[in-house]
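Participant: Chains as they are written, first to last, in my numbering: chain C, 1 to 352; chain P, 1 to 352; chain S, 1 to 352; chain Y, 1 to 352.
FYI, nobody ran anything at the bench for these hints, they're computed from the structure.
Where is the CB? At the ideal position from N, CA and C, for every residue including glycine.
Be aware that a few hints might be false.
[Claimed, not checked] FRET-style restraints, in silico, Cβ to Cβ:
1. Gly319/P <-> Gln32/Y: 42 to 48 Å
2. Ser274/C <-> Ala41/P: 43 to 49 Å
3. Ala122/P <-> Gly165/Y: 36 to 42 Å
4. Gly319/Y <-> Arg123/P: 46 to 52 Å
5. Glu223/Y <-> Ala122/P: 19 to 25 Å
6. Glu24/P <-> Cys184/C: 31 to 37 Å
7. Glu223/Y <-> Ala122/C: 39 to 45 Å
8. Gln150/P <-> Gln32/Y: 43 to 49 Å
9. Thr185/C <-> Glu24/P: 28 to 34 Å
10. Ala219/P <-> Asp152/Y: 35 to 41 Å
11. Asn305/P <-> Glu223/Y: 54 to 60 Å
12. Asn44/P <-> Cys184/Y: 52 to 58 Å
13. Ala122/C <-> Asp276/Y: 28 to 34 Å
4 protein chains.
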Amino acid sequence: MNLGSDNLAGASPKIMAALLKAAEGTQSPYGQDDFTKAAAAALNEAFEAKAEIFFVATGTAANALALAQITRPWSAIFCHETAHINEAEAGAPEGLSGGAKIVGVSGAAGKIDPEALVAATARFRKGWQPHVQPAALSLSQVSECGTLYQRDEIRTLTGFAHAHGLKVHMDGARFANGLVALGCTPAEMSWKAGVDVLCLGATKDGALACEAIMFFDPALAHEFTWRIKRAGHVLSKGRLLGAQMLAWLDQDHWLDLARHANAMAALLKAGLGSHDGVEFPWPVEANEIFVWLHRALAERLRQANVTYAAWPPLGTPFGARSPAEGTFARFVTSFATTPDMVKYIVTAAKAP
Amino acid sequence: MNLGSDNLAGASPKIMAALLKAAEGTQSPYGQDDFTKAAAAALNEAFEAKAEIFFVATGTAANALALAQITRPWSAIFCHETAHINEAEAGAPEGLSGGAKIVGVSGAAGKIDPEALVAATARFRKGWQPHVQPAALSLSQVSECGTLYQRDEIRTLTGFAHAHGLKVHMDGARFANGLVALGCTPAEMSWKAGVDVLCLGATKDGALACEAIMFFDPALAHEFTWRIKRAGHVLSKGRLLGAQMLAWLDQDHWLDLARHANAMAALLKAGLGSHDGVEFPWPVEANEIFVWLHRALAERLRQANVTYAAWPPLGTPFGARSPAEGTFARFVTSFATTPDMVKYIVTAAKAP
Amino acid sequence: MNLGSDNLAGASPKIMAALLKAAEGTQSPYGQDDFTKAAAAALNEAFEAKAEIFFVATGTAANALALAQITRPWSAIFCHETAHINEAEAGAPEGLSGGAKIVGVSGAAGKIDPEALVAATARFRKGWQPHVQPAALSLSQVSECGTLYQRDEIRTLTGFAHAHGLKVHMDGARFANGLVALGCTPAEMSWKAGVDVLCLGATKDGALACEAIMFFDPALAHEFTWRIKRAGHVLSKGRLLGAQMLAWLDQDHWLDLARHANAMAALLKAGLGSHDGVEFPWPVEANEIFVWLHRALAERLRQANVTYAAWPPLGTPFGARSPAEGTFARFVTSFATTPDMVKYIVTAAKAP
Amino acid sequence: MNLGSDNLAGASPKIMAALLKAAEGTQSPYGQDDFTKAAAAALNEAFEAKAEIFFVATGTAANALALAQITRPWSAIFCHETAHINEAEAGAPEGLSGGAKIVGVSGAAGKIDPEALVAATARFRKGWQPHVQPAALSLSQVSECGTLYQRDEIRTLTGFAHAHGLKVHMDGARFANGLVALGCTPAEMSWKAGVDVLCLGATKDGALACEAIMFFDPALAHEFTWRIKRAGHVLSKGRLLGAQMLAWLDQDHWLDLARHANAMAALLKAGLGSHDGVEFPWPVEANEIFVWLHRALAERLRQANVTYAAWPPLGTPFGARSPAEGTFARFVTSFATTPDMVKYIVTAAKAP
C-alpha cells in the first residue's frame, strides 16, 4: 500500500467511461474537437469567468508555459522556496521562459510570508539594467506543505503583486482539494482573489492526464497558441484532454473526488495522531499529511508494507534529529483511498 | 464524412479497453509504472533492439526533443523541404533545440534527393565559425507526400549522413503504415537501415496519444530524462502512454491497424482513379492519397458532405492551374475507415 | 596584399585619436558616459530622427538582438537567401531570438524579388497554429552581392511588409557605402523608406568595433536594455563605442571614408575590367567587386601575392564551370585601400 | 571625484598606445590576427598553461558563455549568493545557458562557506529527474565583498566540487588585484588550485574592454567557437582585444596596475579608518573598500563632491540601522586613482 502521492492512483471510473466513449467517432484535431470546446465552456461556467483556456497533459507544462507567457526572459518570478516550480520541475519554467529567474521566498508552512515577499522583490531595482525585473508571483494552492492560503491571505499577496506590476500565477495542482476545504467558489479562490492565470490540475484529483491553463484576462493569452504548439503540447487528438475535463466537472464530480480525498486525509491524520511517536509540523488542511514518525512506528509500517514518501525536513525541527530517531514522511490521500486502507495503516502503526 | 487526416479518428477499441483496465490500481508515477516498462521491453523485442526508449504524448514533442538531443544549438538539421518538422510544428525543433537551423532539401514526391542532400550539406563548411554545422538528417517515413523510401534509399541517405558525421532521425508518425507497405521488419526499416533515433507514432495508427522515442544507441540518450522533464513532457501517470503502447504492439495490432488503413487507401485510390477529372501526382504507397480533383467532381463531393484537406500544390504541376479548374486534395485513411465509407466517397464522386 | 574583406583594415587615424583621448578621465559605466550620449544625439541629428539608440561591438550582435526584439520565438523572418543573417552568423538570430525561423527569399544579384517575397510569406498561414508567423523583413543594404536597393525598391518591399504586419530590419553593415552611392540622406535610405530598425555598421567603414542599433519608433525598444545586457553586450566602459561613433560621424568622416572605399572599388573594377579573362556577374555599386577570374589571371595574382576571398558562385553562371577554368572572387575595398594598391593589383593581373 | 567602481576609469596609456599601433595595417579578422594569437600565447606563458583561450569584450559575456559551456540547460550552478553572476548580470548566465539554475550559497564576507556548499548541493538529488543537476561551482576572486579566498580555501572548495562532479569556474573580474594581494603565481591561483575555466578580466584593471576565457583543459572548449559566435561575441577586428591583452601582460603591466590600485585602497582604508564614524564590515584585501559612513561624515563627502556607490547592506549589521544614521558605501580604487585623490577624500571626510 503506497500513499506517497496522489498520482499513484489511476483515474476515476466516471472519467474513464467518458474517455472510452469520446474515443469513438470523428473529431477535429488539435483541440478543435467538441469535447475540448465544451470543456472550456464548462470551466468558464464553473468559474463564472470568460477566460481563455488551454489544456495540456502535464502540470509541469501548464506551470512553465503559463509563467513563460506572463514574463520575459529577464524577469524574476517569486514563489515560496519550496514551490514545485522551484524545486521539482527540473528547471522547466527557466527552460520554457527563455531563462527567467525563479526567486524563492520564505514563509512558514509552505506559504509565502508577505513581508518576505516585499523584501524579496525590493532586492531587484525596477528599471535597473543589471537586475532581472520582477514580473510574476506564483502561489501554490494547496501549498507544498499541504496547507492552504485563506482567501484574505491570497488577496493580501495578490494585492501587493498587482500594486508592484507583477502578474499572479496560481499552481493549482490540488486546487480542488483546497477549494472544498475552504468552502468557497472557484471564482473566489482564483480571479476574484486576484489570480491572473490559474493552472488547474485534474490529474491528481482523479483524471489520467489533464491540466487546464486559464487566463482570466484573455489579453494575457495573446499568441499563447504558438507557445504551446512549439513546446509540443498540442495534442493531435485533443479529445483526450477535453473529455476528461468534461467528465471531471460534470455534476461536481471534481469536488466529490476532492472531498473524499480530504476526508481520508483527516481520518488518517486523526488515526495516526492518536498514537505515540508521531508529530505533525503543519496543519492537515487538504489531502496531504506531513508527519514525523518515530523509528519504531516507521518500522511497524514497513513490516506492514505501507509506503509513503520520505520527505526532506526543510522548515521543520526534525532536520536536527538523527535519522536513527525516525523519519519525516508525506502521505497523500486520493479519490482512490478507502476508509479500509486508512484503517489498515492506522492499525499497522499502532504499538502492540 | 471527413478524411482530411488520420488524426480525426479516435482510438481502437482494443487500445481503449487496455487503457480502461490500466486506469485501475496503484502504479509508480513519472514513467516508472509497470505498463511503461513492459511497453519499452515489447518495443525492443519488436525492433530486435536494445534501445533507450521514452514515451511522450505528441509527435511534435517526440521529433523536437529527439532532434534537440542529437544536435547543438549551432547545428544544421537536414530534411525534405516539405517535412513536418520544417513546415508544420510552429518551429518546435528550433525552439526546443535552442535555435538549431532546419535546412529544407529538395527531392521528388516528398523524398530527399541524395544529390540535393550532398549539395545542401556542402554549403556549410565544416569547422568554419560563421557556419552552422551539419549535425542531423531527418527522414520522414511515410513522407509528407504519402510516399515511401525503399530500404536501399534509406541506406543510401543514412550512409552519406554517417560518413559526414550526421546522426539520423526518422519521423515515423506513420511508421507502421510504411512498414506493412514495405513488408520488412521494424529493424530493417530503422536501425538496420542506419536510423539512430526513431520517433514512432502510435497516435495516427489507432492510439489516442502515444509516441515513442527510440535511441538505438543508448549512449545517445545521455541525460535525455532531464530534457523531456524540463520540457514538461513527463506524464505524472505514465501508464496512460505505456498501456496504449502495450496494447498497440500486442499480437501485431499495430500492423493490423496499419494494413487496414493502407488497404482502404488503395481502395479509395482505385475508386477515384476510375473517374474522369482526377490526377494523382505521386504514387499512393501507404494511407495517404494526394489527388487533384476537377471542379465538378469536387462539387459533387461537397454536396455529399465529403471533406478532405485542401493542400498546397507545391511540387506538383497543379499550382499553375486556376483555382476555378479544381482543387488539390489530401485524403488520409485510418484504422477507422470502412469499405462502406470508401464506397460512399467513390460513388459520390462519380459523374452522373 | 589582401582585399578579401573590408574588415581586414584597421581603424581610421581620426577615430583612433578620438579613442585615445576618450580613454582618459572618469566616465559613467555601461553606456551612461558622455561620449555615448553625444553619439546617440549625433546619430539622431544625422538621421533627422528621434530614435532609441544602442551601441554594441559586433554586427552579429546588432542584427541578432534587433531581430529578436521585433519578433517572437514563433516568428518567421524573411531575408535574401544569401543574407549574412542567414548564412554567416552561425545561427545567432535563431539563438538570440529563442528559435525564430529565418526564411531565405530568392532574387537576382542579392536583392529580394518582391514577387518571391509575396510567395514566401504566403506559405505561412496567418493565425494558423502549425505555422510560424511572419513577423519581420530583413534587408541588407549593401547586399551580399555588393549591389544596392534603390530607394523605390526599398519602399516597395517595406510597403508590402508593413501592409502584412511585418516589421522591417535593415542590416547596414555597409550602410555608409550604400548611402554615398545612392546620394541620398541617411533618413531617406532608412526610416523615410520604411525601415523600422537599422543596424548601422561603423566597423567596416573605418571604426575598430562599433555598431549602432537604431529603433526609429522608440516604442519598439521597450525593455531592449535588458535584452542586450543579458546577452553580454553592454560594455563596462561604454566610451569605447561612443567615442568611435562620435568621431566617425564628425564632419561627415563616415561618408568620406565610404566614398573613398567606393572610389577604389570603381577603380579596381575598371582596371580588372580592361583585362581579358574576367567576368562580373553583378554591377559594382559600392565597395565590393565580385568577379570571375580566368585561371591564368588568378595565377598571376597569386604570384603577386594578391589575396581575395574565394566565393561560392551561387546565383551565378560560374558554378557550372570547372574549378580548373578559373575562380570566383570577392574583392572589398576599404577606407585604407590606396590607388597604388589598386594599380598594383591591376598591373599584376595584366597578361604579359 | 567618483570612486564608485573601477570601471569609471579609462585605460592605461600603455594599453592605448598599443591599441593605436595595432589599428594600423592589415590583419585577419575574427580573432585570427597576429595580436590575438600572440596574446593567447602570452597568457599561456604567464599561466604556465596550455589553455584554449578566447577573448570577448565584456565580463558578463565571459562569465555567461563559460558557464554555459560547462553546464547543460538542466544544470545547477552554485555561487555565493552575492555573486555578480547571480545578482548583477540581468540573468545572462540563465539566458545563454538555455535556462540553467543559479543557486546562491551563503558564507561570510562574500566567500562561500564550504559547509553551506555541501548542504546546497545535497538538496539536489543526483540522477533524480525532477531535480536540476549540480554541474558547476563558480568562485569570484576577488569576491563581491572585496575579500579574497586564500589558496587553501580555493582548493577546499574545488576539491569538493570535483569529487562531486562539478566543474569549477572562476569569475576573475579582479583576478589581478587578488593575485598581487596573495602574492602567488597566476597558475597557483587558478588551475593549480582546481579552477577549470577562468574568466580573466583586464577591463577593470586598466584595459578598455578585454576579457579572456581560459579553458585549462582544452577538451572543455569543444565547439566553444560556435557558442561565442552565435552569441555575437566574435569581434570582426579581433585585434582590438588581442592588442589590449598583449600590452596588459607585457612586462607585468597588469600586476603593476593592480598593485597600484590595491595600494590606493589600503591608503584610503587607513585614512578613513582614522576617522570617527566609519565601520568596515569586512577586511580590505584588494582594491575594494566597503564601509559604513556616519551621516555627518557622508555629508562632508557629499559637499566635497566625493562620490561612491551606495551599497545594499546585505550580510552586514548595518541593514538594521536607520538610513538617517548613515550610509553603507563601496569605494573602488583603480590604476588611475592617485595618492592625491585619496588624500583629498580622507581630508574631506575628516571632522572639522
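Participant: Sort out which numbered hints this structure fails and list those numbers smallest first.
Facilitator: 4
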